[in-house]
Amino acid sequence: MAKVFTANRLVDGAVVYLDPQGVWTTDVLSAHLLESDEAIEKAEAAGRDAVARHHVVDAYPIDAELRDGSVYLTRFRERIRAQGPTILFGTAGLKKKAA
Amino acid sequence: MYQYDQYDHAFVANRVEQYRGQVSRRLAGDLSEDQFKPLRLMNGLYLQLHAYMLRVAVPYGTLSSGQMRKLAEISRKYDRGYGHFTTRQNIQFNWIKLEQSPDILAELASVEMHAIQTSGNTIRNTTSDPFAGAVAGEIDDPRVWCEIIRQWSTLHPEFSFLPRKFKIAVTGSEDDRAAIKVHDIGLALRRNEAGEIGFEVLVGGGLGRTPMIGKTIREFVSQRDLLSYLEAILRTYNLIGRRDNKYKARIKIMVHELGIDEVRRQVDAEWEHLRNGALVLPDEEVARIRAFFAAPAFETIETPVRSYEVARFEDQAFARWTRTNVAAHRQPGYGIAVISLKPIGGVPGDATAEQMEKVAELAERYSLGEIRVTHTQNLVLPHVRLSDMHSLWQALEEAGLGTANIGLISDIIACPGLDYCALANTRSIPVAQRIQHRVDNIDRQHDLRDLSVKISGCINACGHHHIGNIGILGVDRRGEEYYQITIGGRADENARLGDVIGPAVSYDNVSTAVERLLDAYVQERKDDETFIDTYDRVGLKPFKEAVYVTD
Ligand code: HEM
Ligand code: SF4
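Just so you know, the sequences run in chain order Y and Z.
The numbering of the first sequence is this note's numbering, which starts it at 182 and goes up by one.
The numbering of the second sequence is this note's numbering, which starts it at 3 and goes up by one.
So here's chain Z without its partners, still in its complex pose:
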């Protein structure tokens, strides 16, 4: 993992003290709310429905067990004993007191964490593949590049006041687990014909009120050119991105209005000036950062691992969990274990202090002390010996963390919605819970195969509803909670926006509508087809008819 150097330590410590001063001036009445709000937002502190909310960055989704313990401690000491993992590899604490927020930031700094650039019109926490450095077939470890981007973008003077927030995601695999096509910039590691590593660069993706899939602006940017090329994009956007209307201020609008070819022309013109300047990445610097992410000392293990196969044969529930929650590791004899934060009837993405501590303990025992946070609001133990997998799963089961549903219908993404969020139209969490209760039979869930349900409580789309196989968007109908349903969205390397199936349905009818979509799928599917494949083959009609039957 990356470790802070002296400069990083001093910078974050300094920032905490600066913030402490700002908070005390605010509490003493020397700063008005208008003066103070941008300052607290720069440190991740929002005011939500019930209290302040603190958003803490988990850089590229990697946490050490010590950091996880600190998050647990913070949730217990300063909040109500739990935290919420979000779709942007952050954790949010919902019940924060302004007067205690500087102490929390100081505690975070002690484990090399912070909340800088988790809000505001800056380059946000760069997100990545939660399987980075562990998954088989990766072109390169994307975290190396995320860290390089983090260092370049943190407090970048030119990009501290962008027209709007700016989000970057990096994937190192062909399979996209970082949703790069719905980010302002998506980077996919690629190898060119000469075998060199570089990046395919996408721009202009995003969700929110105007969802767009990112477009490729350049097929291959070499490593040395990465930062100069990113700077060229950001500078172009900063100069011509619209500041007149905050709804039009994202780069996706610029790409949409000018067209990708014109944007490419302008970026290239800017890049000409930057390309051979100070931003050229020296090989030594890349090597220095890369060293932080060197593969841990894996053991040489003979495969197949007999005890693992036997346990899978003898314990059906375990076998089922391994089918959904274990992914192939690059090192023979190891596996990647995904810990579901989506038990039936729970709050998607929430973990209690005890659960965080349990995960920290299990990471130490079984995963070389490493934990990952996924954009689907789950956790990952990236390096588990297959021979330990059964014991790990038993421990997870005991802690209520052993749900075998990764990628299945109950693995729902849901934003906080009206239960917490000041911007919400409707609730999201209880809708997720109702859908989960409909399908609580785990065999049925496995029979329904891969199926993503994503729920947002308003048009801002924090719950990624546009790219859910089934997407649910809360809308306000004269003070009543209504939900617009889309189907056919996908979040992977073939990312696509869903299609609206018809008029919005009431709170009481959402889970029935979803049930009917499931019925239509089961009726129409052929062989092993998933929901999305069936949709691609048969189209909207049978699904629409199933939901809007007149009975």
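Isolated chain Y, as found in the complex:
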């Protein structure tokens, strides 16, 4: 299965993905879909490097595929990581109840 490389950004913990230019982005749709072993190995090296240079923590590969032309993360956990909680929270949660 194809992979995407993910991590959390050191300074703020934000979820980030490795893009085709080797830059960490918060936009999952810009993530580089890694379809060959060679591409995965290269990304792994980039991940190790970013961890070593203290830009990100916990870099790891996740399962992904191309769906309707976009990167789609196959694990539910990773989709929640990408999109945020599935529930409304904070004042948004209250507004909904009032409505």
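Hint data in this document are derived by calculation from the structure and do not stem from the laboratory.
Cβ atoms here follow ideal geometry from the backbone N, Cα and C, with glycine treated the same way.
One thing to keep in mind: the hints can contain errors.
Stated by the list, open to error - If we take Cβ atoms under 8 Å as the criterion, some of the chain Y residues that face chain Z in the derived model are:
| # | residue |
| --- | --- |
| 1 | 189 |
| 2 | 193 |
| 3 | 195 |
| 4 | 235 |
| 5 | 258 |
| 6 | 261 |
| 7 | 266 |
| 8 | 270 |
| 9 | 274 |
| 10 | 275 |
Based on the hints, put chain Z with the ligands in the right spot on chain Y.
Coordinates of chain Z with the ligands only, in the frame set by chain Y:
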């Protein structure tokens, strides 16, 4: 309330500066994540799914209105305008930036709060009865003892690297609102035949992957001996507790493997050396701490309070709220008001910055500035004049905090689950919301009487599912969210683990399964019986049949 002395202030301030240095070294790349992680965890900072999470201790669940305002301010300034109150009398902020975390700790220190020992293999925040010092019939104020334990256990050099986390809870009442039987050590204040105050000591309780109910190791430990006895338990555990396997490292495993009699023998042997040493608690020291928790200046009020009774007679919704959310106070003319953080369809335990500020304001106006946090993820105003109760409730209603459901089915405990937690198998919060929507009719909820539903998103059991009348545990079935249901658990002085009813059900079927359990209860119950009483009488069978009907 306890107030920091010079030593406490200096210590916490020092700790913040130390941490600030560690964070800047980490950001500069002088510390690796492996080196830094234990340091941030010692200050309550976790890395979760979406960001860092900061866990702040609310010592024995007591907050001043000023502290609550500070929590609101922090949530607004450094997070997304809300916080999550947990089952261990902590508050968690979910969207924290590492670079700002030292500033947050400095802000907390300014109101005598911190996040020390809210994580890691140490003695954690000692928890207590949220009604402490207010409830009728208490043997002693447990917070006095929690504070003594806090001072003894904070940065205790011998116990900073235990085999595993260690949790202590204290109750001062016969009714256990602190779940002491599922803590590593549970302390219940007792009076002996001579009328002296001491403690029944339980050990080896806990939830997680191997749930156990604590066992009594000693019926009565006197006040003077409390710390030496606790130290003897901790030392015994520290020496023989298993470090080879983190799943077996809790004291409950030691008690289970050796048996309580052998553990008692070993603890006693250790205690012999400690008993008359430096840990003897001098009466003056107890008195000094006790003074911090002296009862506030209550007014002498004639009872019954007519205006309260009239309001209850005239306003049905208010009357209903008082039935579930108001408890008897030790002082005539006062009541204990519980503020539900469980509105239908909300996130159990969450409060927005505005709500925290509203609670702070109401505490100042109606509760002598005091607030409590409960292990069921609600808040408490402990000292409310009955004559103010109606106005308080109206103000709560306006702020979305007036839900009349304490102890009822919609007062659900739920851990953050997969919506936030890096360890989760499944979501918990939306399951709670779906169940709430099923029973959103408040009259129906009252008709279902006391009924606890507790949900955890994985085996770690942060949502206490084992001790829910209905317990729900999220499990992963080939990437799908499934939920194992237990019934018959209870969290009170008769604490007991629930029984699994059958195969796990899918996310879409959980609330239906719960609905069927409710139907079975209503069908089987006699007179005023609660769900748990009915279960005790009729057993698992009718409930199981109701859930697994083939239709
Ligand atoms: C989101 C971050 C959290 C993480 C990473 C986390 C992690 C854990 C872990 C690993 C355990 C199992 C410990 C063991 O069995 O040795 C545990 C237990 C527990 N947690 Fe959490 N937890 C989190 C949040 C919470 C929350 C939000 C609550 C309260 C709602 C909570 C309350 C508890 C309780 C009461 C236990 C009890 C079991 C016991 O120690 O016997 N935790 N947690
Ligand atoms: S029970 Fe599991 S999912 Fe829930 S908060 Fe604890 S560790 Fe996370």
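Against the structure, the hints:
| no. | hint | verdict |
| --- | --- | --- |
| 1 | 189 | holds, 6 Å |
| 2 | 193 | holds, 4 Å |
| 3 | 195 | holds, 7 Å |
| 4 | 235 | holds, 4 Å |
| 5 | 258 | holds, 6 Å |
| 6 | 261 | holds, 6 Å |
| 7 | 266 | holds, 4 Å |
| 8 | 270 | holds, 6 Å |
| 9 | 274 | holds, 6 Å |
| 10 | 275 | holds, 6 Å |
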